[in-house]
Every structure is written in C-alpha cells, then in structure tokens.
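**Student:** Given next are the chains, with one letter for each unit.
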Amino acid sequence: GDSVVQTEGQVLPSEGDSLIVNCSYETTQYPSLFWYVQYPGEGPQLHLKAMKANDKGRNKGFEAMYRKETTSFHLEKDSVQESDSAVYFCALSECDAGNMLTFGGGTRLMVKP
Amino acid sequence: EPEVTQTPSHQVTQMGQEVILRCVPISNHLYFYWYRQILGQKVEFLVSFYNNEISEKSEIFDDQFSVERPDGSNFTLKIRSTKLEDSAMYFCASRTGNTGELFFGEGSRLTVL
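Line by line, the protein sequences are chains A and B.
Going by the numbering used here, the first residue of the first sequence is number 250, and it counts up by one from there.
Going by the numbering used here, the first residue of the second sequence is number -8, and it counts up by one from there.
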C-alpha cells in the first residue's frame, strides 16, 4: 500500500534559520502530493500541493518540489518565523483510491524567537 | 468563510457504549470523509462517502463503525460499541469534487474509559 515517511518528531530552528522537512513517499501510482499544516486545536489545513512530477507547490514562503525520480516532496523555507510554528504533515492521494489522503507521521516545527 | 463544523468537541464515554459524532460539511460539497488521529500519531483515513454510499474504507473501519447522511446536511460517524483504543481525535472533511481541496473540521475528541 501507499506510505509517506517524513522527518520525525520536532524541529527547533531559530527565527531566520532555513528549514528542510523531509518527505518521501511510496506508491505504485502517480499521486498528488500535499503538505498540510495543523495549528493547536484545529484540524489539518492545506498548506501547499503539487499535482504532478516537477510541479512546485508554494505558500507563505514555503516551497516543495515534486521529485518523481527520488520519490520526495521535501518542505523548504529560506527563513522561518515564529508564526510558522505548527505540525506539518506530508500526504499523498491517488485518483484510483478515491483520492483519500495517506498522511505521514507529522513533524512539529517549533521556531525559537 | 464556509467551514466544516463538528460536534461534540469532546466526548467521554464508557467502554461498550455507542457514540455518534456529527459533522456539517460545507454546503456545496459532495464528498465526505472521516479521519482519526490517535494522540501523537499520524492522521489515518477511515472512510469516504459520496452519493449516499461509502466509496472507500480502511481496515480500521470495521463492523463497529458506520456512517450516515440522514438529512442532506449532517454527516455522522457511529461507533456501536466503543473500545479503549477508539480514543482519538476524529476529523470530518469534505470537498466539492473528487480532486478539490479537502477541508477539515476542528475535530471531535473521543475519550473511552
């Protein structure tokens, strides 16, 4: 079955640091790829997406490139801010699986002021 | 801004009791989903629902679970006889079409004692 593996646990950069949160996926199909963000007390919300290979998703200074050759969708930002602190989930969906989302385990980003 | 709403926000129940979690999806959405998140773990797909029937379900969604859209607005998840391991945050989600953005509610926390 499909699977998504991402950077585990917490990431603790300081404000202004660059960020990479790794995401690798495994599937037999051609998925769409997503990053969802979850703030305390809220449900996940779409952060950015890429629908096919070589697409780049962008939002609020974050970027992720859909790399089919390495089956990766790493989340990157040049300069994080304290307000970026949240839990980030990498996810994939496939058209022939009802477009249900398969999530990674989540990465807690805590940006130090 | 339209949103997915869920009730109750928190329910505590005894093992073996029936629980119904309610969701009001965004009004023009046609595809409905339940996901769950055990504390500290990944978000897991339970079931998808379209055109008044289940379209996909996961291994988690066994005979103890059922979903219903009784009145054209509410979308409910019923757990017939709760177990300790059903304790989790349950998220309802909806989208307009099969490939549109998935919108999540804020979740219903279920605690089974």
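Fair warning: there could be bad hints in the mix.
As the list claims (entries may be wrong) - Here are the simulated EDC-like pairs of lysine to aspartate or glutamate, each with C-alpha atoms no more than 20 Å apart in a straight line:
(1) B:33 / A:318
(2) B:33 / A:327
(3) B:33 / A:304
(4) B:74 / B:44
As the list claims (entries may be wrong) - Not everything, but these chain A residues come out facing chain B in the computed CB check (under 7 Å):
(5) 262
(6) 289
(7) 291
(8) 295
(9) 306
(10) 349
(11) 352
As the list claims (entries may be wrong) - Chain B stretches covered by chain A per the calculated footprint, using a threshold of three residues with CB under 8 Å from any CB of chain A:
(12) 22 to 34
(13) 66 to 73
Rather than coming from a laboratory, the hints here were simulated on the basis of the structure.
Positions of the beta carbon are idealized from the N, C-alpha and C atoms, including for glycine.
**Student:** Now tell me, hint by hint, if it's right for this structure.
**Tutor:** Okay, the hints, checked on the actual structure:
no. : hint         : result
1   : B:33 / A:318 : violated, 26 Å
2   : B:33 / A:327 : violated, 26 Å
3   : B:33 / A:304 : violated, 25 Å
4   : B:74 / B:44  : violated, 25 Å
5   : 262          : violated, 21 Å
6   : 289          : violated, 11 Å
7   : 291          : holds, 6 Å
8   : 295          : holds, 5 Å
9   : 306          : violated, 12 Å
10  : 349          : holds, 5 Å
11  : 352          : holds, 4 Å
12  : 22 to 34     : holds (count 6)
13  : 66 to 73     : violated (count 0)
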